[in-house]
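Dock chain U against the given chain Z, drawing on the hints supplied.
Order-wise, the sequence lines are chains Z and U.
If you're matching positions, the first sequence starts at 1 in the numbering used here and goes up one per residue.
If you're matching positions, the second sequence starts at 1 in the numbering used here and goes up one per residue.
Hints were generated in silico from the structure; no laboratory data involved.
There may be inaccurate statements among the hints.
Listed next, the in silico SDA-like pairs over lysine to any residue satisfying Cα-Cα at most 25 Å (straight line) [said to hold, decoys possible]: (1) Z:K340 with U:G40; (2) U:K340 with U:R96; (3) U:K340 with Z:E44; (4) U:K340 with Z:I87; (5) Z:K340 with Z:S8.
Source: prediction; values computed, not measured.
2 protein chains.
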Amino acid sequence: MPDSANGSPLRVALLGCGVVGTEVARGILTNPIDLEARVGAPLELVGVAVRDLATERDPVVPRDLLTTDAEALVDRADLVVEVMGGIEPARSLILRALRGGAAVVTANKALLAERGPELFEAADAAGVDLSFEAAVAGAIPIVRPIRESLAGDHVRRVLGIVNGTTNYVLDRMTTEGLDLDEAVAQAQALGYAEADPTADVDGFDAAAKAAILASLAFHTRVSIDQVAREGIRGITADDVAWAARTGHVIKLLAVAEVIGPVDDGEVSVRVHPALVPVSHPLATVRDAFNAVFVEAQGAGPLMFYGQGAGGRPTASAVLGDVVSAARRRLTGGQGLRESKDQDFPVLPAEAAITRYQVRIDVEDRPGVLAQVAGVLAEHGVSIDTVRQVSASAAVHEDLAQEHGTAHLLVTTHAAREASLAATVAAVSALEPVREITSVLRVEGS
Amino acid sequence: MPDSANGSPLRVALLGCGVVGTEVARGILTNPIDLEARVGAPLELVGVAVRDLATERDPVVPRDLLTTDAEALVDRADLVVEVMGGIEPARSLILRALRGGAAVVTANKALLAERGPELFEAADAAGVDLSFEAAVAGAIPIVRPIRESLAGDHVRRVLGIVNGTTNYVLDRMTTEGLDLDEAVAQAQALGYAEADPTADVDGFDAAAKAAILASLAFHTRVSIDQVAREGIRGITADDVAWAARTGHVIKLLAVAEVIGPVDDGEVSVRVHPALVPVSHPLATVRDAFNAVFVEAQGAGPLMFYGQGAGGRPTASAVLGDVVSAARRRLTGGQGLRESKDQDFPVLPAEAAITRYQVRIDVEDRPGVLAQVAGVLAEHGVSIDTVRQVSASAAVHEDLAQEHGTAHLLVTTHAAREASLAATVAAVSALEPVREITSVLRVEGS
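Extracted from the complex, chain Z is given alone in its bound form (with noise of 0.2 Å):
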């Protein structure tokens, strides 16, 4: 692997030419007087690797560029930029550009949730960079504030809203009233969600984030494995028009928490629908974006919002790296490698603790909610509020229900996942219990 002598060029091979390709592809042809000034030397892209060459593309991309040699095209670089996405090739590429000793730059958060340790020890063995502001939550810097502007103060959870289709869904949701799959098709045909919305609605995406997130978060090696799960497709209508009755919105959050000291505690991650105090900077989040609300021992709440997907933002989170590792492959050394000095164990899904709201049909008779506060109490749930809405006290029209019926709302405090479970099994196995309409976690309170 070739190295740059001062003042002559970086070569830089860009693998893949998608939507943030060509937008990164923009960013070096386009500002080559910019960029080199940043770095001290210029930056020349020595070629872009595709699957098809006849494919039709943005003029910006020179075609004299395009190859579908791309393990060539690494091994000519001085720093490769990885936006095809997917496992393999895209894998197998990295590592042979880090075993190379190139620096690197992706973008893709699968990879990284999935294998990154295997990419990390490469990495670190040839003693390059390998670098990933925009694998979450695309513009946003977030990767770089919390592996290196924390890094020396103990992070103790991060909220995040990393997933801008769903943020979407559940925003159209609150505000117009649509059941999800009317807001699912809105988000299809603006271009949010594609035709096959399963990554998204059903938290594949923002589980990888997750695991990416707290490994930072807690220097401790966390698999997309380990990420507990639950998409937004069980959220109808109606939970959403509750949650707005007792001040919350509903968020798909990608949660990593310390459970126990902060330097010596278990880690819980975890993705899955909450409902979040409209007081919370979350809760104002609206459309497609993200944001991820971090807190620390010593710097206390702090949030970063922005678009979290689209080619010239998730290409300038790119460039931003590629500026980085350019000028440290110029000037020498190696930035901050994995951390992974803490360790922590990381706790199963049922071990994780949070506070409940569950909704209850019941018979509208006297008698019922101490019933189920007894449930409870028997389980070790401790409660923090019930709200019983009888069928004549409704307030609303639109919740108007059958005679006899009412609704207890049940918020607990933090109790674990599993007791959580049982504890539901058994109320819904009361005689005038008539269903459990709904089991949400709340976070950010």
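Same frame as chain Z, but now just chain U:
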């Protein structure tokens, strides 16, 4: 200046042992294992320079580390942390450290805003790092994101709430209807404001931060002398009440923006109170919190939110810089240097272009609105909206006015500061105009 071999400790000198210095010492002395793992070598606090050895201090700082000989301390450090504040002797000590080859981490906004170029040149000449995350917005990672994450993007505008004291004061005026003096007294009682609140209330602190943010965002040297500055002393309870009625809150903003092409424009940097629409993310920043809103060409809108002051939050930012600087000290290389490649002209205050809301007390009779509108037209100031509130139409008792007076609320399109000043003078000379009660800029719409 001796260097550290791999594994042997990096020697850290701490200059200043006030609220922030004490927390930095605590971080280094009580988290040694974490920091060592992240840096790759132990950090040894070799001394703490203070003015008076006899002052009572937090017991976390060992007495035998204290010294009044700051120069000798600097000379035996690999890394110097300056948290003493003020121009001298901080400036001389930082220059001494840099010239001797030590990396420097500083939280000194006043020094950077007044003498930044001198310090950056010394750092660059010695090939060492000068880091200053804590100098702007306390715990909020904002220097590193603008300097590094956005290094491949073009920033168009920065709008920051960067002074917690004035945000607290304005927030109390907004939520409790206090007048300025009452709110300042409350801030003083809580320790948010100094006995002499000039630096905060008159915008000097925010102006220093504006200069630093503008320099970073636009790769252009901006000193505090080039920042147009207006504090919040003129803001009345009436201004705050009227702001609410027009869907705004009043915030003290640090504004830095490019006028003209984003890669070949002119820079306007200013600090002033402004009307911010309640729907803007900055409007939700409460109490003494800080937030910085950044608009970049590629990334789009970004916001960074958190605590802008206080010992532990500021120390968190300092320690993040310490880890990065120590890591580079160990592995070689240098971070990003001062970036001044764009070198845009900085506009004088009167050339700034903003929208205004002007509140005018006029005689309540037909034709006055037309007269005022005519004066604006003559001066080339385009009107966005005019709202006329006559005494009889005033809904709120506290707005009940003397008989025969109406309020005109004129919101302009973007206009040059100089044109607006001339316009206001001409309007106030009109016969039916009784008083110009306020002229406030409108930002973030």
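The hints, checked one at a time:
1. At roughly 12 Å between alpha-carbon atoms, Z:K340 and U:G40 fall within 25 Å of each other, so this suggested pair holds.
2. For the given pair, U:K340 sits about 23 Å from U:R96 by alpha-carbon distance, which is consistent with the 25 Å threshold.
3. For the given pair, U:K340 sits about 22 Å from Z:E44 by alpha-carbon distance, which is consistent with the 25 Å threshold.
4. Restraint check: the Cα-Cα separation between U:K340 and Z:I87 comes to about 40 Å, which exceeds 25 Å; the hinted pair is violated.
5. Proposed proximity of Z:K340 and Z:S8 is contradicted: the alpha carbons are some 36 Å apart, above 25 Å.
In this structure, the earlier hints numbered 4, 5 are contradicted, and the remaining ones agree with it.
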